[in-house]
Structure formats: C-alpha cells, structure tokens
Amino acid sequence: MFFYVPMALFLLFLLFPFYWMVITSVRPDGELYRPWNSVNYNPFWTWKPTLDHVRYLFEETLFASWLWNTTFIALASTAISLVCGVFAGYALSRLNFPFAGSLGTGIFITYLVPQTLLFIPLAEIIRNYRLGDTPWSLILTYPTFLIPFCTWLMMGYFKAVPKELEECARIDGASRWQAMLYIVIPVAIPGILSAGIFAFTLSWNEFIYALVFLSSPEQKTVPVGVTSELIRGDVFYWGPLMAGALLGSIPVAIAYSFFVEHYVAGLTGSVKG
Amino acid sequence: MGQVVLKGINKFFDSVHAVNDVNLQIRDKEFMVFVGPSGCGKTTTLRMIAGLEAISSGDISIDGNVVNELAPMDRDIAMVFQNYALYPHMSVYDNMAFGLKMRKFEKREIDKRVLEAADILGIRELLTRRPRQLSGGQRQRVALGRAIVRHPRVFLFDEPLSNLDAKLRVQMRVELKRLHLRLGTTAIYVTHDQVEAMTLGDRVVVMKDGMVQQVGEPLELYNQPANKFVAGFIGSPAMNFTAVTVTEANGSLIAENSGLRIKLPDETAQRLRGHIGREVMLGVRPEDLTVAGSADLGHPCFDAVIEVVEQLGSEILLDMKVGESIMVASVEPTARVRVGDKLRVAMRPSRLHVFDAQTEAAI
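Top line first, the protein sequences correspond to chains F and R. With positions in the first sequence counted from 1, the corresponding number in the numbering used here is that position plus 6. With positions in the second sequence counted from 1, the corresponding number in the numbering used here is that position plus 93.
Don't read these hints as lab results, they were simulated from the structure. Quantities reported herein were computed from a predicted structural model and do not represent experimental measurements. Note that the Cβ used here is the ideal one computed from N, Cα and C, for glycine as well. Keep in mind that a hint or two might mislead.
Stated by the list, open to error - Reference excerpt, derived from the structure (chain R facing chain F, CB under 8 Å, subset only): (1) Ala143; (2) Leu145; (3) Met166; (4) Ile170; (5) Ala171; (6) Phe174; (7) Asn176; (8) Ala178; (9) Phe191; (10) Gly192; (11) Met195.
To be verified - Chain F is nowhere near these chain R residues, computed Cβ spacing over 10 Å in every case: (12) Gly132; (13) Gly157; (14) Lys260; (15) Glu268; (16) Pro311; (17) Leu410.
The shape of chain F in the complex, shown without the other chains (with noise of 0.2 Å):
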C-alpha cells in the first residue's frame, strides 16, 4: 500500500507528458482547435485516431531529413567523444602522473561552463573554418562538452575495476596495452555503454548548438526542424509538433530500453569479481 499508491501517482506524473504527447499526434484538426467550452471538448480521449500529422510530418516537412541528420550527428560526436573519453579516463585514473587529479578535476569543470556562453566563441571556430550549415559543425562541437562527461564517467568507472587484474594480466604477458584492452575495456563495457548512452541522449537532444550553427531547413536536426518549422510565427501546428516529438524519442527510448541493465549496472559501478 505505502509502496504502490506513491508509486502509481508518481508514475501518472512521469507519464502524463508522454501520454499527451501520444493522444495529441493522433487526434485530428477539428478535435484539436476545439474550443474548452464546447458541448464535445474532450481532452483526453479521441474517438477518431489519425495518423495524418505523421504524414504531414514526412510529406510536407522535411522531418525524414532532420531525422537522419540527428542519428548520423549523434552516432559521430557519441563515436568521438567515447573513444577519447574512454583512453582520457583510463590514463587519469590509472596512469600516475603529475597533476593528475587536477586535471581531471579541470576536465570536469570544462563540463560546468553553460553552452549558452560557450557557442559565441564556438561559433567564431565554425565560422572561420567554413564548417557553419554542415553536420560537421556538431558532430565537432559536440564533443565540447561530452568528452569531459564521458571522461569522469570513465574515470569513475576504472577505478572501481580492481588494479590487480591489470597487474595479474601484465605478469601473464600482456604489454599495459593488451590488458587495457583484454582486460580493462571488457569489464568496463557497462560502463562504456552508459556513457555511450548518456552521450547519445545529449546530442539527441541538443538544442542550441543545432540552432545556431544550422541554418538551411534539409540541414536541420529533429529538435530544431520540428520546432522552426512547424511553429510559424505565432500559430503552433500542434498535430504533427507532437508527432514530430514522439517520432524524434522513439530511439532515444529504444537504446535506452535495450541497454538498460548494463546501464544501470553502470550507473551503480559495480564489478563483481
């Protein structure tokens, strides 16, 4: 009892979002733009589902374009920004070296400076190497700020990897290289994949950089396409707005279902030996 009712109304607050998410990309024109007082008005429910926004979406707009450049942004800088996070993790928290701990902790703090500053002097970069309106001016600036999160995720992650199995690996013959890579990576990969995961998510949903750097509507990724295009002006074009929304979490959604124990078992750090 004390367990289940906090936990249904805490899930119909998480959901509700969602489910008005869903209910609204289905429901037609008429049902949507009807006024609160009339006789019908029906907020939550709709007798007449439609998947005329989603056709909307793909036939007028150029939404299949924006999807694919915001998979292929988010695979590249998440590719990027793993691969340096997980070599920059490894070296701080198991290489000694001096200034180690400080530069992690510098690493951490590049983290914490808000995009919001960071795009201007960003933008001056793109502008200069002629990069502004292609998907490379994210998949480089990406990486700004998910290389230090996957890095201190990483670094986390390797220090709770016991130090002797490395040692007992490079006694059994394997240059530091060969057990980082035998040994080290392989027990790490719940680690990796979380902040592979988390990486993905963030560019994903990157809102800022995309909308600066982007200008040409083909180029658009899903989060600034849905809403440059389909708010014009003062009128909201809810319909395919939410459709666009649902269509765009979908993968989000499925990476993060398809990974979730080993996200979690990241997320709690834990190498059974």
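Keeping the supplied structure of chain F fixed, place chain R upon it in accordance with the hints.
Only chain R this time, still in chain F's reference frame:
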C-alpha cells in the same frame, strides 16, 4: 631453475622508507615465506620482485640475471593475488589460458596445459563457468591454476588464503604444500599469519618496519629468535615477556622483579655475565611453563595467581598474574586448576630466552 637474489633492496614511497636494505638469497625450488605485521614491507618486496613496483635502489636478479628494468611479463614469474584477480568476463578455461595466449602458445599446447592444471587442482568440471559462479575456494584454485599452467620459474603468492574461511584455509594450506612438493617450483609467499609461515615455509623471513628481522627455517625462528619481535611474533600463544634485573648472589645469577625471583641456569647465566645489575627482558613460551611438580626440582620456579582458565581440549591456557605482569601458560588438559588458585609454576631451564632491554636483540 628459479633462484632469486635480492641485493640491498630499498623502496621509498615519498618520504616513507617502506623497504629498508633487504638482502636475501632464495634458492631454487625453495618455498620462502615473508611474514610480518601489516605495513612491514613484505607485500612491497614481493611486488618489486614481480616488477609491479619500481625499486628505489638495489638489485633483484632471477637465475643470475638482474631484472630491475624488466617488465613483469618478461620475468617469467606467476603471481596469485589476495583477491584472486580472476578476469570476470572470461570463463575459467579462458582465465587459465590467457597467459599462454598472450605468449602465443599453440592451441593444442594451451589445451593440454590447462586440462593438466585443472586435473591437478580438481577443477575440470568448472572450466566453462564464470568466476562469479564459483565459491571462494574454487576461485582460489582457479587463481592457482592460472599460475601453474605457465610453468614459470617463480611463483609469487600475496596472502592467497586470507580471504578464505578458517577451515578452508587449513585445507588449502595443505594443498599448497602438496602442490609445491609436486611441482618443485620456487615459491615466494607473503602472509601475516605466522601459522601459515611456519607450516608452509622451507625458510621464513620475518619483517618489521621494512627491515628483515631474521631469516631461517621455521624451527630455528621458534627456538632461536634473533630478537624480541621475532620471539613474540612466532608461536601461538605468544611468548611471555617480563622485565627482570640481573643480580649476582653466591656465584650464581639471579633474575628478579616484583613477582618472581629465579636462579638462572648456568647456560643462560654464561651469556648474562656482562649484564649484572642491569635490566633485561626475560622471555618464556607458554608451552615451556608447567605446574611445578616433583619432576621440576631444581628448575626455576615462581608463584602465580590464576586469573582466566581457557579450556582448549588438547591443552589448557592459564592467564596468570605474576607480580605486576600477566603470563600465559599452556598446561596439560588433565591439570585441575580453577580461577583464583595460587600455583607454583616451573620453567624449562633450557628454554629461557633473554633479550637486551634497549636493543631487544637476543643475548
């Protein structure tokens, strides 16, 4: 072959002198045990032999070759860690085969060696399991198996039994000894448990504060400890110590303090001639104290009051108040004693130890 020589080994961690001028010769096929309280530098010494810790100064050589600069993988050693350090993502078979794969052995040879080791250790049916599906004792065996498949020149053991429960520890101790007799590979074994040291070691190195206190065969350490620390560390229950003043009366030497006054046997007296009028530490093991009877006529005796009686079945431990100090005696299980009893206790005269009060070295 597997002869390990340590020459003038020092290790500093910043300002801490963790290992202080250690000189040792470990012979081929020998089972050498490093024993001492935690922080005495025994594990650091082992890790320096393994190549996991850099040497601050000195030379380590294996079979005559100085290995100071060699990477762990090139020293031809195998190590068993306290927490076993099994690779959690690999099966038992792969754990054991890893070292051979890294050294590019043929698959047939790997298979042969792993199965052979698995048979020796009785873990053949566990080969497909993952480490987390094993019990503590089984993990221990896998860790041993991983070491023996390599046929290394030297085995290094870092407190391998300390994570096991008491019963299993005794069992694995015997198996380790049997394994060593069978394989005949040089073994260096670190432990803080003096029973393990005594039972396993061909020779034992007792360390304290980074310094070697004594090197010798187990019974040598027990019978002729070099100083008070070794005397107190080896043997259970620990040796009794009491400070006494040496005086001369009628040509013989007397040791006395507030609780006892004994005539020192001639052999001990000889050594103490130079200490007349000074304070020394008198040491006697619990098993060398008996309830005085007619057989002990002429043995040094003193009075004691029993404070605690510990029945162990095979023996009785008596905690006794002797003057101001407490002494423990281990007596026959047939002795009829009760708390509060006043006893006359005899010492075996040939088993008295004396130590310098300042340097604590044996006199």
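Going down the list of hints, with the structure as the test:
Satisfaction of the interface hint for Ala143 of chain R is found here, the shortest Cβ-Cβ separation to chain F being roughly 6 Å, below the 8 Å cut-off. Nearest Cβ of chain F to the Cβ of Leu145 of chain R: about 5 Å, under the 8 Å cut. The hint holds. For Met166 of chain R, the interface hint holds, the least distance from its beta-carbon to any beta-carbon of chain F being 5 Å, beneath 8 Å. At about 6 Å, the closest approach between the beta carbon of Ile170 of chain R and any beta carbon in chain F falls short of 8 Å, and the interface hint on this residue holds.
This hint holds: Ala171 of chain R has a C-beta 7 Å from the nearest C-beta of chain F, less than the 8 Å allowed. Nearest Cβ of chain F to the Cβ of Phe174 of chain R: about 5 Å, under the 8 Å cut. The hint holds. Using the Cβ-Cβ criterion of 8 Å, the hint placing Asn176 of chain R at the interface with chain F is satisfied: the shortest such distance is roughly 6 Å. Using the Cβ-Cβ criterion of 8 Å, the hint placing Ala178 of chain R at the interface with chain F is satisfied: the shortest such distance is roughly 4 Å.
At about 6 Å, the closest approach between the beta carbon of Phe191 of chain R and any beta carbon in chain F falls short of 8 Å, and the interface hint on this residue holds. At a threshold of 8 Å, the smallest CB-CB gap from Gly192 of chain R to chain F is about 4 Å, leaving the interface hint in force. Because the beta carbon of Met195 of chain R sits about 4 Å from the nearest beta carbon in chain F, less than 8 Å, this interface hint is met. Taking the minimum C-beta to C-beta distance to chain F, about 19 Å, the non-interface status of Gly132 of chain R holds against the 10 Å cut.
Consistency note on Gly157 of chain R: stated as away from chain F, and its beta-carbon is indeed over 10 Å from all of that chain's, at 21 Å minimum. The Cβ of Lys260 of chain R lies farther than 10 Å from every Cβ of chain F, with a closest approach of about 23 Å, so its non-interface assignment holds. Distance check for Glu268 of chain R against chain F: the nearest CB is about 21 Å away, which clears 10 Å, and the non-interface claim stands. Once the 10 Å rule is applied to beta carbons, Pro311 of chain R is consistent with being away from chain F; the minimum gap is 28 Å.
Interface exclusion of Leu410 of chain R from chain F stands, the closest Cβ pair being 38 Å apart, more than 10 Å.
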